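**Student:** Given next are the chains, with one letter for each unit.
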Amino acid sequence: MSLLIQPANPKLMAANAVKRLSSTRMGGAMVKDYWDRLFTARERGAQVVWYNGAAVNPIFQAAGIEWCHGEAFGARLAAMHQEGPAQRTGEDYGYINELCSYARTTLGCAVLTKQATVSDDGISLPGAEQDVLASRLPAPDFFVNAYAGCSTGQQWDEITYRIFNKKLPLFKVSYPFLWGNKPDHGYLRGQEWEDASRYVAQQLHKLIEFVEFQTGRPLDWEVLREAMHYIKRASQLRLEAMALCRAKPAPATFWDWIASIAPINFLPGNQALVDYFAGVKAEIEQRVIDGVTALPNERYRLAFDGIMNWNKVGWLANKFAENDAAVMCGRYTHSAFWNEPQLIDEDDPILGMAQHYLLCPFNHSAKILGELLLRDCEAYGIDGVVFHATRTCRSASNGQMVVAQMAQRAGLQTMFFEGDVADAAFYKDAILESRLEAMLEAIDARRMTAA
Amino acid sequence: MPTSEEILARLARIAEDPNRYAEAWKKARGRKVIGTFPMNFPLELVHAAGALPVVVQESGQPITLGRTLLFEFYCGYTRSLTDQAMTGQMEVFDAFFLVDHCVALLGAADAMRFELTDKPIFLAQYMASMDEAWNVPEIRKQIDLLRAQLEEFCGVTITDAAIAHSIRLYNRNRQLLRHLYDLRRAGRIRITAGQMQVLVKSSMVMDVEEHTSLLADYLAALEQENGFGEDLVKLHLSGHFCHAPPIALLDMIESCGAVVVDDDLFAGFRYISTDVPETGDPADGLTRWYFDRNTNVPCSTQAQKTVDWETYLVKSLEKSGAEGVIILMAKFCEPHMLYYPELRKELDRCGVPHLLIETEHLGLPLEQLRTRVEALLERVSRGAVASPAPARHLQPHP
Ligand code: SF4
Ligand code: SF4
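Chains C and F supply the protein sequences, listed in that same order. 64 is the number that our numbering gives to position 62 of the first sequence; each next residue is one higher, with no gaps. 1423 is the number that our numbering gives to position 328 of the second sequence; each next residue is one higher, with no gaps.
Take the hints with a grain of salt, since some may be wrong.
[What the hints assert, rightly or not] Once the Cα atoms are required to be at most 20 Å apart in a straight line, the calculated DMTMM-like pairs of lysine to aspartate or glutamate come out as:
#1 C:LYS184 / F:ASP1213
#2 C:LYS184 / F:ASP1239
#3 C:LYS168 / F:GLU1246
#4 C:LYS168 / F:ASP1403
#5 F:LYS1440 / F:ASP1387
#6 C:LYS208 / C:GLU287
#7 C:LYS184 / F:GLU1405
#8 F:LYS1236 / C:ASP347
#9 C:LYS184 / F:GLU1227
#10 F:LYS1121 / F:GLU1246
#11 C:LYS208 / F:GLU1227
#12 F:LYS1236 / C:GLU194
[Stated by the list, open to error] Sample of chain F residues lacking proximity to chain C, with all beta carbon distances greater than 12 Å (derived):
#13 GLY1145
#14 THR1182
#15 SER1308
Since the hints were made in silico from the structure, they are not lab data. Fair warning: this is a prediction, and the values are worked out from it, not measured in the lab. Glycine included, C-beta positions come from ideal geometry on N, C-alpha and C.
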């Protein structure tokens, strides 16, 4: 997910571009190194797991194996505009373009990887040609599916498993959707939350048994505790850095947090991860001291709801900046990815891990999503909410219209634009532009009335 | 004794407008009507609570207000649910219960919950992954939850004896419907695909005893005269989750010179495929049923390594003698889109001609589709001329 920020309108760029944090470049480099290293896993004789969904990677780290997060690779391909070969392969295989584009991109990669590296009997082919980025993933030794909040996420690995001829082991972690049947239910509270937490924690112990079986050695619990210690620290720094952005005008924006998703989502829990977020926080602190702002002329503060439009990140960042709109917070950045570090008990991290997996931003009811959004809107002084209606991701789109109504009732302006996680064909620039303009005008009008 | 046509016409009216039936039932009995959602809900529990369980159907009305709570890129069924909630078409229901976890369905149910603030919508989520031993007690736990919630809502105690009684009633109903399927597969009766849909769909919305009694009458009244001619191409209809495909589409398919001999549609064999064990603890029986259904007719909404829909499909063709397959897919149905290539691959491998038709909530281009169906039948016929050996198409290509 290294972001290739390009100017939406080169003429306007110099004057109105987002001033991104320079510290996030280090994250881009760390992520690139991570993938480059993963591509050579086979040569190095490492065992490889392909997984989807929650960040169960600390378990793989403690097992001494290498991990490939399917969605992350799909996002990376889209962000680098290299999703084409995988998506075409998926289409040839029979996927309709309305299907989740993460799934069909990554399944396309699976087809390519399998063609390049594995015989029909499941035997690795030595020296196979893997020249397209989409086909460079090392063939897996086994799969782990750990997808909360989306049935497609779970079904997707049933298909990956079949693409590899049902020859490789697959472990699945199941998650209850945090629906809220009883009045005691709320964010991080209620019987349902407690029960779900315990149920997922039990499965994580089973997952560890499975991984131990696959590797033939016991999990190194010390490494797991250590990884979770670093992740917890990195997460705290990330949240502290985010809180600094409440300053007006903002020293950094949502786009910097988007650039920081990959590190917190799947890089190893180690000192480098902590250093990265410490660097981000330090840069923001310095900006606050120096009065440096992310936008030269911040006039509006917006929230962004929905999953990212990976092939349009740079474009979107600059489009909002051109309009003096600082996008401050979002569900995908502020309510996700180890976002409640106090839940992690470093000595006994499993329950806290399980709880974070349940806190996937797509695993909440619309009511809770609305409450979280309104909480952030208040914290960041938000004027309006931009909803990315993600064409092929019903999970990210679920509840958005309800949440929009909740936001409107709270006096916020809202707008929708259609796009997609990894298929640029669903995005229409003109629609975003006209709707954004209309929303900003409405914000102006309301300010004038209030004045 | 009414004729088979008369019985069918009555069931068709109910299947067409289930809410009207439910209103009359409610008025006559003074008990609750509970809406349930596809595809795995154990209606027996609601029945045992003394309420009328209804699998909520897609409405024939166009989507209007529903657009303001659910995007247009959701399947027609979920968009219709939301629209029905917003346009007062859900009045008859006292509450809703669901166990399935399809992401679109959860989104729709949540939107309904926002709109219908006076009607509880209760989720007892069944884990969809069926390979893990620990998920069996987890499903059992959800059944206990459902039972407790229904007891609280209906103000009754649901005894084991009541559940066992309901299980027997539903099993009997499913058995009669499966008997009709057997007769149709064997070519002993001619029931059109549209008629079969009426028979199954009405069973989802009616009082089970009343439905069973009408089915028994229907079977008795059915003349044996109507096997079908050899010149018709035998087809299997596959898929179409959660809701019924338009009958006009089914009629059009058969009007092209085909006869549907089997299906694995939700509003079809998938729904009635499996009985609940009648011995032992009834809640354990309902737990078993959930797993057994997916073994009997695998579904891509479930995650199970040990069964494959495509293997089931090809075996079904052997049984029914179907020569081609039409895959009916509700547009935007994610679990179906995801699995479709696996079906296609296997059908191609076995040399079975097949066709994918995507359906929408309303307004299918029937004439365009007719051309595609005719082309499929043509392909089947050409294959039959080349080699008349039975079930030749099931041999894998060399
Ligand atoms: S639909 Fe969305 S949440 Fe589900 S698997 Fe695809 S990207 Fe993930
Ligand atoms: S399984 Fe398919 S038809 Fe059923 S609710 Fe989900 S998307 Fe709609």
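**Student:** The structure should be examined with respect to each hint, and the outcome stated for every one.
**Tutor:** Going through the hints against the structure:
1. C:LYS184 / F:ASP1213: holds, 14 Å
2. C:LYS184 / F:ASP1239: Holds: C:LYS184 and F:ASP1239 sit about 15 Å apart, inside 20 Å.
3. C:LYS168 / F:GLU1246: violated, 43 Å
4. C:LYS168 / F:ASP1403: Measuring from Cα to Cα gives roughly 11 Å; hence the hint holds.
5. F:LYS1440 / F:ASP1387: violated, 26 Å
6. C:LYS208 / C:GLU287: violated, 43 Å
7. C:LYS184 / F:GLU1405: This hinted pair is violated, its Cα atoms lying about 40 Å apart.
8. F:LYS1236 / C:ASP347: violated, 28 Å
9. C:LYS184 / F:GLU1227: Roughly 28 Å separates the two Cα atoms, so the pair is violated.
10. F:LYS1121 / F:GLU1246: holds, 18 Å
11. C:LYS208 / F:GLU1227: The hint holds at about 10 Å.
12. F:LYS1236 / C:GLU194: holds, 13 Å
13. GLY1145: holds, 21 Å
14. THR1182: Since the minimum Cβ distance to chain C is about 16 Å, F:THR1182 lies beyond 12 Å and the statement holds.
15. SER1308: Given that every Cβ of chain C is farther than 12 Å from that of F:SER1308, nearest at about 36 Å, it holds.
The earlier numbered hints that this structure contradicts are 3, 5, 6, 7, 8 and 9.
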